[in-house]
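Student: Below, each chain spelled out in residue letters.
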Amino acid sequence: MDFSLIDWADIWQATWETLAMTGFSLLFTILLGLPLGILLFITGKRQLLEQRGIYRVLSLAVNVLRSVPFLILLIVMIPVTVILVGTSLGVQGAIPPLVLGTAPFFARLVENVLREIDRGVVEACQAMGASKRQIIFGALLPEALPGLIAATTVTAIALMSYAAMSGVIGGGGLGDLAIRFGYQRFQTEVMVTTVAVLVVLVQALQFSGDRLVQHFTRK
Amino acid sequence: MIRIEHLHKTYPLERTARPAAGIPAAALSDINLHIRKGEIFGIIGRSGAGKSTLIRTLNMLERPSSGKISIEGEDITALDNNGLHLLRQRIGMIFQHFNLLNAKTAAANIDWPLKITGKYTQQERAARVTELLDLVGLSEHRDKYPAQLSGGQKQRVGIARALANTPHLLLCDEATSALDPETTQAILRLLLDINRKLGLTIVLITHEMQVIRNICDRVAVIEAGRIVEAGDVAEVFLHPQRAVTRSMVAESAPAIFSAETAVQPSALAGITQLRGLLVRLTYVGDITYQPILSSIAAATPALITILQGTIARIKDTPYGQLLVELRGEPADVAQVFATLDQHNIRHEVLA
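In order, the protein sequence lines correspond to chains W and R.
In this text, residue positions in the first sequence follow this note's numbering: the first is 19, and each later residue adds one.
In this text, residue positions in the second sequence follow this note's numbering: the first is 3, and each later residue adds one.
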């Protein structure tokens with residue numbers, strides 16, 4: 019392997035694209051997945067707004083989306099993506115399928131984190147005369163913050179690996195670079211480098227996530 | 003203050019998961035209670051007796067299936083959602099496991115119910131929080147998180163939080179059951195103190211007779227969803243009628259003997275042959291510290307032997323209970339009984 023053949027500007031560019039895809043997708047995943055997760059939680063059995071019908075529908079939708087292999091989702095989504103962002107290629111084109119693929123996953127994580135909170139806390143808030151809205155936003159979400167940050171970290175890392183996969187259908191970033199140069203042109207050093215960069219990024223994400231969790235944990 | 007009439011609560015079968023019989027399990031049946039303003043009312047029962055359900059109906063955390071509960075004249079079973087929120091803001095509640103918000107400091111936990119009402123400015127709330135921290139003796143711990151506090155301190159935060167909106171009623175759900183005996187005493191003293199200082203009515207549930215004995219004015223005993231006995235603590239404690247009450251009294255104060263155990267030879271402190279009457283004397287109040295027995299002994303030729311006895315306090319009331327052997331001529335014995343009656347000392351001939 020000859021690492022002098024690598025175009026570092028390309029690697030640099032691809033790294034930024036990967037970060038951009040992950041970052042924007044994460045933002046939309048949270049915007050979509052957090053409310054969905056909260057809804058799953060509160061409509062669940064014996065919870066604040068128990069609504070079996072709604073829960074079943076949401077739960078089924080989440081399960082269906084989660085069972086579609088991401089690669090298939092990428093391909094199926096192409097027409098929708100074009101409508102949404104005007105192209106199915108590059109950084110922009112990767113974001114809609116990434117969000118659709120991870121938002122249900124994140125929602126499930128959120129639901130589980132909220133379930134871990136002691137029911138007694140909810141009961142205490144009810145006994146104080148808090149409204150449901152006050153209980154959710156004033157008590158449940160602050161109590162769940164460390165868990166939610168941990169869930170976000172897991173989701174961000176999953177997004178990063180999905181983002182790399184989107185290189186297969188012309189998404190940008192490190193995955194695209196790895197496929198075009200590393201795989202199709204047999205430039206093993208590019209493959210190795212992109213994987214190394216991804217390892218570093220994932221480590222950095224996990225590390226910062228853990229630090230944040232630690233910072234907000236009051237136990 | 004609180005009037006409970008014909009309260010029933012049944013759970014749908016699914017929740018209790020009782021395979022036996024096709025009838026829904028009754029958690030509470032036909033509860034009737036009147037709780038007076040300013041008193042500390044205890045509800046005691048074994049686990050699963052329904053006491054937890056009962057106390058939760060007082061702020062509608064559990065909806066009764068039928069019956070009526072009125073608090074300060076207001077029928078709370080008829081309230082809509084908004085009315086319920088307002089009612090609950092006027093009722094404080096503390097819990098066995100404290101149920102504090104772990105993500106909030108002690109001060110923020112106390113501030114939270116004030117915030118909920120939306121009635122106070124930031125300054126008013128801050129002043130009230132400081133006042134409450136002081137009341138429960140936690141001023142120097144205001145910025146600590148629950149995880150940094152001991153069990154007793156957590157319960158103090160719980161109490162301050164419950165008192166934040168100056169309730170007229172405080173509900174205590176096994177408030178001391180997770181605490182060690184020393185801390186339990188401190189928390190009970192605090193509750194008693196608050197009850198006296200603020201004139202607050204307190205309803206508490208517990209499985210420990212000790213708690214009832216220490217701070218309650220009146221008590222109701224609950225068994226299998228029914229109130230089986232109720233009355234002044236001294237009365238229930240000294241003359242328990244039901245088996246369940248007797249056994250709970252015996253656990254808290256083994257020295258107090260019931261009518262059954264007394265006649266067994268083993269209870270007679272080694273006296274196998276009774277030469278007179280076996281009499282149980284019970285007296286409550288200031289008379290406990292008066293030399294009644296010695297004046298009786300001086301006035302009659304009857305002989306009194308103390309076999310077993312207890313002098314202690316129920317809340318602030320001293321009481322004594324003695325098992326004595328009384329020997330003498332019938333006339334002398336009758337005179338002893340008359341003197342006892344005169345001093346309001348209850349006497350029961352057991353054998």
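Treat the hints with caution; some may be incorrect.
Below are the DSS-like pairs computed for lysine-lysine, each with C-alpha atoms no more than 25 Å apart in a straight line [claimed, not checked]:
id, chain 1, residue 1, chain 2, residue 2
1, W, LYS150, W, LYS63
2, R, LYS121, W, LYS63
3, R, LYS199, R, LYS39
4, R, LYS106, R, LYS121
5, R, LYS106, W, LYS237
6, W, LYS237, R, LYS121
7, W, LYS150, R, LYS199
8, R, LYS117, W, LYS237
9, R, LYS39, W, LYS150
With the Cβ distance kept under 8 Å, some of the chain R side facing chain W (calculated, not the full set) [to be verified]:
id, residue
10, HIS87
11, LEU88
12, LEU103
13, ALA105
14, PRO115
15, ALA149
16, LEU151
FYI, nobody ran anything at the bench for these hints, they're computed from the structure.
For every residue, glycine included, the Cβ atom is placed at its ideal position computed from N, Cα and C.
Student: Do the alpha carbons of LYS106 (chain R) and LYS121 (chain R) lie within 25 Å of each other, as the hint requires?
Tutor: holds (21 Å)
Student: Are the Cα atoms of LYS106 (chain R) and LYS237 (chain W) separated by 25 Å or less?
Tutor: Holds. LYS106 (chain R) to LYS237 (chain W) sits at ~11 Å (cutoff 25 Å).
Student: Does LYS237 (chain W) lie within 25 Å of LYS117 (chain R) when you go C-alpha to C-alpha?
Tutor: The given pair, whose Cα atoms are some 24 Å apart, holds under the 25 Å limit.
Student: Mind checking the CB of ALA149 (chain R) against every CB in chain W and telling me if the closest is under 8 Å?
Tutor: Interface hint status for ALA149 (chain R): holds (5 Å vs cutoff 8 Å).
Student: Would you settle whether the hint for PRO115 (chain R) is holds or violated, based on the nearest Cβ-Cβ distance to chain W being less than 8 Å?
Tutor: holds (4 Å)
Student: Hey, LYS150 (chain W) versus LYS199 (chain R), does the alpha-carbon distance stay inside 25 Å?
Tutor: violated (34 Å)
Student: Taking 25 Å as the top limit, are the C-alpha atoms of LYS199 (chain R) and LYS39 (chain R) close enough?
Tutor: holds (14 Å)
Student: Is LYS121 (chain R) close enough to LYS63 (chain W), meaning Cα to Cα at most 25 Å?
Tutor: violated (33 Å)
Student: Quick check on LEU88 (chain R) please, does its C-beta sit within 8 Å of some C-beta on chain W?
Tutor: holds (7 Å)
Student: Identify whether the interface hint at ALA105 (chain R) stands, where standing means a beta carbon of chain W within less than 8 Å of its own.
Tutor: It holds, given that the least Cβ distance between ALA105 (chain R) and chain W is near 4 Å, below 8 Å.
Student: With 8 Å as the cut and Cβ atoms as the points, is LEU151 (chain R) at the interface with chain W?
Tutor: violated (11 Å)
Student: Is LYS39 (chain R) within 25 Å of LYS150 (chain W), Cα to Cα?
Tutor: violated (31 Å)
When the structure is compared with the earlier hints, violations turn up for hints 2, 6, 7, 9 and 16 and for no others.
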